[in-house]
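For the record, the sequence lines run as chains U and D.
FYI, our numbering numbers position 69 of the first sequence as 82, with every residue one higher than the one before it.
FYI, our numbering numbers position 52 of the second sequence as 59, with every residue one higher than the one before it.
Mixed in with the good hints, there may be bad ones.
Not the full set, but computed from the structure, chain U residues with beta-carbon under 7 Å of chain D [claimed, not checked]:
1. S29
2. S37
3. R45
4. R48
5. G116
6. L123
7. T124
8. R127
9. S129
Derived from the structure by calculation, the hints contain no laboratory data.
Heads up, the beta-carbon is just placed ideally off N, CA and C, and yes, glycines get one too.
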Amino acid sequence: MSTVAVALPLGRSRGSTLRTQVGSLAGRSVLRTLRQPAMIVPSLVFPLFLLAVNSAGLSAATQIPGFPTDSYLTFVLAFPFIQGALFATMNSGQALAEDIENGFFNRLSLTPMRGSALIAGQLASLIVIGFIQATVYLTAGLAAGADFAAGPLGVPVLFALSIMISIGFGGIGMFMAIRSGSGEAVQGMFPLLFVLLFFSSTSLPRNLIQQDWFRTVATINPVSYLVEGIRSLLIYGWDWEALALAFGIATALIAGSITIASLALKERMVRS
Amino acid sequence: MEATPHSNSIEVEGLVREFKNGPRAVAGIDLRVEPGEIYGFLGPNGAGKSTTVHMLTTLLPPTEGTARVAGHDIVSEGPQVREAIGAALQEAALDPHLTAREHMRLQTALHGLPRAERVSRGDALIERVGLSDAADRKVGGYSGGMKRRLDLALALVHGPRVLFLDEPTTGLDPQSRAALWDEVARLAGEDGVTVFLTTQYLEEADQLADRIGIIDGGEIVAEGTPAALKAEIGRPTLEAVPGSPDEGDRVLAVLQRFGERVPAARDAVAVRLTDGAEQLTDVVRGLDAEGLRVANIELHAPSLDDVFLEKTGRHLEGAGESTEAGAPVDAAAPEPARA
Chain U
14 MSTVAVALPL
24 GRSRGSTLRT
34 QVGSLAGRSV
44 LRTLRQPAMI
54 VPSLVFPLFL
64 LAVNSAGLSA
74 ATQIPGFPTD
84 SYLTFVLAFP
94 FIQGALFATM
104 NSGQALAEDI
114 ENGFFNRLSL
124 TPMRGSALIA
134 GQLASLIVIG
144 FIQATVYLTA
154 GLAAGADFAA
164 GPLGVPVLFA
174 LSIMISIGFG
184 GIGMFMAIRS
194 GSGEAVQGMF
204 PLLFVLLFFS
214 STSLPRNLIQ
224 QDWFRTVATI
234 NPVSYLVEGI
244 RSLLIYGWDW
254 EALALAFGIA
264 TALIAGSITI
274 ASLALKERMV
284 RS
Chain D
8 MEATPHSNSI
18 EVEGLVREFK
28 NGPRAVAGID
38 LRVEPGEIYG
48 FLGPNGAGKS
58 TTVHMLTTLL
68 PPTEGTARVA
78 GHDIVSEGPQ
88 VREAIGAALQ
98 EAALDPHLTA
108 REHMRLQTAL
118 HGLPRAERVS
128 RGDALIERVG
138 LSDAADRKVG
148 GYSGGMKRRL
158 DLALALVHGP
168 RVLFLDEPTT
178 GLDPQSRAAL
188 WDEVARLAGE
198 DGVTVFLTTQ
208 YLEEADQLAD
218 RIGIIDGGEI
228 VAEGTPAALK
238 AEIGRPTLEA
248 VPGSPDEGDR
258 VLAVLQRFGE
268 RVPAARDAVA
278 VRLTDGAEQL
288 TDVVRGLDAE
298 GLRVANIELH
308 APSLDDVFLE
318 KTGRHLEGAG
328 ESTEAGAPVD
338 AAAPEPARA
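Model the full assembly from the supplied sequences, consistent with the hints where possible.
Here you go:
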């Protein structure tokens, strides 16, 4: 430790604005995410791996009468977008849980930081990851020969929807982290969310699912509509009904997950 | 309790914290820390030290009682309390993926320092704690001592008037520990910061604190200056090194006529004298009468461990090793009753 006395004025904190808080926390959130390739790479590799397996192994499904496209790759390309969003659940949850576990959350709680700033800052990394994921999935899909019926104008729409889905699921991850304060608990919940993905219309259009119970579950499952919104841009171009449903559900997911995360945060920040 | 806005004091009355289905971690404590004072809160693991700090720093609401920190009530004036205090809690609360400079940038921004001051303030504090050379390295690679120093620097970002340090030297090597003691003493002495320091190390409390509160089982069992506390119980220890190792038992037998046996250094025997230092002459006469010779004989003044023993009936964890080695022994598990 330095033995040279540094005359530091013992001033007073002036209280930061919400904008400053969000900006600072967002910067930190993005920085720590980008410095941990282990948080990004699996969310890129595994969905692409499953995309390759599914598109190769299930291509015969395109022979089923009524199948909407003759390219199963194009059909199943929506899958990695949703799977990547589920990874965002785990990543955002684990980042927050780590803060709670190592005491950094307490350090932030001792500043004038507002809870909403912490949530908003955390969303910044979700946006960055969502953007990277969408770029990689779309690029890989198109390079492998998938169609993109909506054309160039559909790209920002696809990115917006993809990022919104990531934020929505990321909010669930934050909620779980804040409630449990444990990264392991967040990881434990991850497979349960995956069930939602598999009991949806990711592998077959709902009207072609033979099992009644499966079709019913897939119809109830909101993930089906998120998948179908992305898929509509790839296969049909501009299916306004599918897009409205997907954006509506993504918005509801964001509202719901961020609300419960905020309420949980309020409870955890028991500071007076 | 009278409000004293802008003072650096800590005033606590009847503070209680009960956990659901758990123990009464803090069972009604009263204390007062004067501006610019270093107050040592000494106790073993699980005594209630960290729970008290969490309440005083507004991280944990009390179940009962009141406290004012820097003139503000910890329950109704939380934001004002947080504005006035800095805290380095039990574990160095850092993001392993950020550098020291990035930590400073975040902390200065959250505290609302003007943009122009953030860099200079952060750099000055980094220099003050001797981390300039490592300022652009991710803190995940820092040693325990470096993390503690950065933690302290972060607690000082906004110029707090009251500083809470929760077991700040746990896990540090003697050199880092001494450096941190110097810095804490300088903060109180030169900058007038009031320091509330929890520790389980006798030596730390003895050397650093102006006054000490000893907490055990959630209650303060003794309070005063280190000298006053030791004088209060006042029974010295007599330690003798037998002239021949074969005579150890016989020397001890003589010593035990004057007090009860206590742990001693290697090759030595020791007793706590029943009637004080004036027994020394009688002890020497007794040894002489038995024809025993000693290589060395020393009278030790009472320690804070003696105070703890007197007040609680048991030794403070690690006290023996701490005294013997001349430096505290690292802590065991962190206090369980945390928020």
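Against the structure, the hints come out as follows:
no., hint, verdict
1, S29, "4 Å, holds"
2, S37, "4 Å, holds"
3, R45, "4 Å, holds"
4, R48, "5 Å, holds"
5, G116, "3 Å, holds"
6, L123, "6 Å, holds"
7, T124, "4 Å, holds"
8, R127, "10 Å, violated"
9, S129, "14 Å, violated"
The structure is inconsistent with the numbered hints 8, 9, although it conforms to all the rest.
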